[in-house]
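Line by line, the protein sequences are chains P and D. Position 132 of the first sequence, counted from 1, bears residue number 135 in the working numbering, the numbering being contiguous throughout. Position 77 of the second sequence, counted from 1, bears residue number 79 in the working numbering, the numbering being contiguous throughout.
It is possible that part of the hints are untrue.
Heads up, incomplete: computed chain D residues facing chain P, CB under 8 Å, no partners named [what the hints assert, rightly or not]:
id, residue
1, Ile66
2, Leu75
3, Pro77
4, Val149
5, Phe174
6, Pro179
7, Gly185
Keep in mind that the hints were calculated from the coordinates and are not lab data. In this text, a Cβ means the ideal position worked out from N, Cα and C, and glycines have one as well.
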Amino acid sequence: MIELLKDLLRWLTSGSQWSGTDGIGTRLLEHLQYSLLATLVAAAIALPVGLLIGHTGRGAFLAINLSGFGRALPTVGLVTLVFLASGLSMWPVYISLVALAVPVIVTNTYAGMAAVDPEVRDAARGQGMRWYQVLFQVELPLALPLIMTGLRLACVQVVATATIAAYVSFGGLGRYVFDGLAQRDLVQVLGGAVLVAVLAIALDLALAGVQRLLFRNRPPRAHAH
Amino acid sequence: MTVDWGWFPDHQSDLVTLTLDHLSTAVPAVLFGLLIALPLAVIAHRVRALRGLLLGLSNILFTIPSIAIFVLLLPITGLTRTTAITGLTIYTLVVLLRNTVEGLDSVPTKVREASTAMGARPLRTLLTVELPLAFPVIMAGVRVATVMAISLVSVASYIGYGGLGQLFTDGFQRNYPTPVVAGVLLSLLLALVADAVLVTIQWLCTPWLRRRA
């Protein structure tokens, strides 16, 4: 066990491992690119949907069930299926990652909107605000902490799952995990796993920092799933 | 991409075996998760100082990718089902712990004080007042954890204990979509049925909520 940790440390700290087109630096950037793009696309889809459902109060049943369905969808199955349908392209990776992140963001956005005090909403309407003013100036700011929690959760899950890019022969940190498994090289597998975990935690902390900066005067964050 | 529907009846017994295999990894994972989460949640709820630490630690565990958890466990538990179950248990823990703490927090202080005033000791208050009242929130966590565990079992196919996930590897290697479609559909169906079973259990266990409605 101690030997293994020493080997792992050597693997992680050797300079040659970090440089070059298949070095850790490149793989890290690839992983970051897949994860951020997928999270952004998912947010672009999920945020309007969640806000609209929360604002109108319509379609909540559908949204909750769809997000349950999305959570039940096995990512490995989805990536394999899209791969067999589309051939060698980035589609399987992005479709699977977006499908993973959308339900999380929709559920949390909706939960944030549903938690807004109806009296506050009525007061805003009573003051003659238009629906979009109520949505963007009253409901959205109040729902933001929960929305941010959703984005953080989604981001962490996407980073963790972006390893599947290597499964369909692309890059990212999953490369070390899958190559290591194929070559029976435990140190390489562990190295990849540690790097993914560190990246996920670092991104989560970064988003938590953004959240703290945005809501310095807000009550502590709550959770939804 | 064409799906060969005739493949399904031909492989009926294989599909049943894999589905049962899938369940025998997912179900113990949720049960063990619950077994660990309940006492930890009670501690986090009662001892404020440990609350942040416990929730924070479980959040960090959640950031490790599921495939990495399986691989990290390999040196300890080897290529066995134990590795698959342990990995999934770690994953369910986050949701279960968070929901159980939230459930216990949602019990009004007055109710707890009334129980104490009637002479109930802390353990009795916990078992007969707090846990039953927190039950709906805890069950919400169990439902999410179960659906998550069922969808994640497939990842364990890399170490050979993936249940229906075996069909994904098979279809991928042979460039044949039919088993992959079968695996995705059965996995979804399994999650749906498991969720329905849990909703029924919750309905049966909370008669007081029914009467009110």
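Evaluated hints:
For Ile66(D), the interface hint holds, the least distance from its beta-carbon to any beta-carbon of chain P being 4 Å, beneath 8 Å. For Leu75(D), the shortest C-beta to C-beta distance to chain P is roughly 10 Å, which exceeds 8 Å, and the interface hint is violated. For Pro77(D), the shortest C-beta to C-beta distance to chain P is roughly 6 Å, which falls under 8 Å, so the interface hint holds. A hinted interface residue such as Val149(D) counts as satisfied when its beta carbon comes closer than 8 Å to some beta carbon of chain P; here the least separation is about 5 Å, so the hint holds.
With its C-beta approaching chain P no nearer than about 5 Å, Phe174(D) sits inside the 8 Å limit, and its interface hint holds. Nearest Cβ of chain P to the Cβ of Pro179(D): about 4 Å, under the 8 Å cut. The hint holds. Hint status for Gly185(D): holds, given a least beta-carbon distance of 5 Å to chain P, under 8 Å.
Checked against the numbered hints given earlier, this structure breaks only hint 2.
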